[in-house]
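Visitor: When you get a sec, could you build the whole thing from the sequences and use the hints?
In order, the protein sequence lines correspond to chains L and A.
If you number the first sequence the way my numbering does, the last residue is 113 and the count never jumps.
If you number the second sequence the way my numbering does, the last residue is 116 and the count never jumps.
These are calculated hints, taken from the structure and not from any lab test.
Take the hints with a grain of salt, since some may be wrong.
The calculated lysine-lysine pairs, modelled on BS3-like cross-linking and capped at a C-alpha distance of 27 Å, are [unchecked claim]:
no.	chain 1	residue 1	chain 2	residue 2
1	A	Lys108	L	Lys65
2	A	Lys108	L	Lys7
3	A	Lys58	A	Lys69
4	L	Lys65	L	Lys7
5	A	Lys77	A	Lys22
6	A	Lys108	A	Lys58
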Amino acid sequence: SAVISQKPSRDICQRGTSLTIQCQVDSQVTMMFWYRQQPGQSLTLIATANQGSEATYESGFVIDKFPISRPNLTFSTLTVSNMSPEDSSIYLCSALTGGTEAFFGQGTRLTVV
Amino acid sequence: AQSVAQPEDQVNVAEGNPLTVKCTYSVSGNPYLFWYVQYPNRGLQFLLKYITGDNLVKGSYGFEAEFNKSQTSFHLKKPSALVSDSALYFCAVRDIQGNRDDKIIFGKGTRLHILP
Chain L
1 SAVISQKPSR DICQRGTSLT IQCQVDSQVT MMFWYRQQPG QSLTLIATAN
51 QGSEATYESG FVIDKFPISR PNLTFSTLTV SNMSPEDSSI YLCSALTGGT
101 EAFFGQGTRL TVV
Chain A
1 AQSVAQPEDQ VNVAEGNPLT VKCTYSVSGN PYLFWYVQYP NRGLQFLLKY
51 ITGDNLVKGS YGFEAEFNKS QTSFHLKKPS ALVSDSALYF CAVRDIQGNR
101 DDKIIFGKGT RLHILP
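Guide: Have a look at this one:
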């Protein structure tokens, strides 16, 4: 298993600003992902964070809005840019260990006002 | 592309009774299948997985799941439900084809209510 730490755990932001979420894993992992979840709803994959190359975005998500970095095998960031109230959600970092199951951070609860 | 269906938004079970949470999947290659649980205001916790081998897999907290290839199903089960099992359950799938390592896609979730 892996322990995944996400920061911040929650934030309230003004519209038009940007927030960067950090994800730190306690061991090297093969793949890292970013998901978005409305409370009580399913998880929607935003992108796969690739180490040493550009992230792979899912349909409906673009790099200008959600830039992602992954400088090494244990760390990634997701930035939510030019925020609007529609971006209010829970953002979850996930990591694949051993190539099978994924583990999740506790999430970042974002409220845009 | 892979997909996962959880046909029930909510399942209600009396404490002590057996429970089943349904999941069906669609992949073009071989599936890796997972169940996760989410308690209120918490992250997702891994419960169990099917990769290969025995179709009945056992996981945390007394849960088990049965892989059925012909029905493309992976239902979650527990012989005797506890009130503390009340939570949101997600089925998930990875589509493994050759050397391509694919992402994990989640079902919409099923809320399980165990009635005392």
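Visitor: If a hint holds in the structure, say so; if it doesn't, say that too.
Guide: These are the hints, each one checked on the structure:
no., hint, verdict
1, A/Lys108 - L/Lys65, "25 Å, holds"
2, A/Lys108 - L/Lys7, "26 Å, holds"
3, A/Lys58 - A/Lys69, "17 Å, holds"
4, L/Lys65 - L/Lys7, "19 Å, holds"
5, A/Lys77 - A/Lys22, "9 Å, holds"
6, A/Lys108 - A/Lys58, "23 Å, holds"
In this structure, none of the earlier numbered hints is contradicted; all agree with it.
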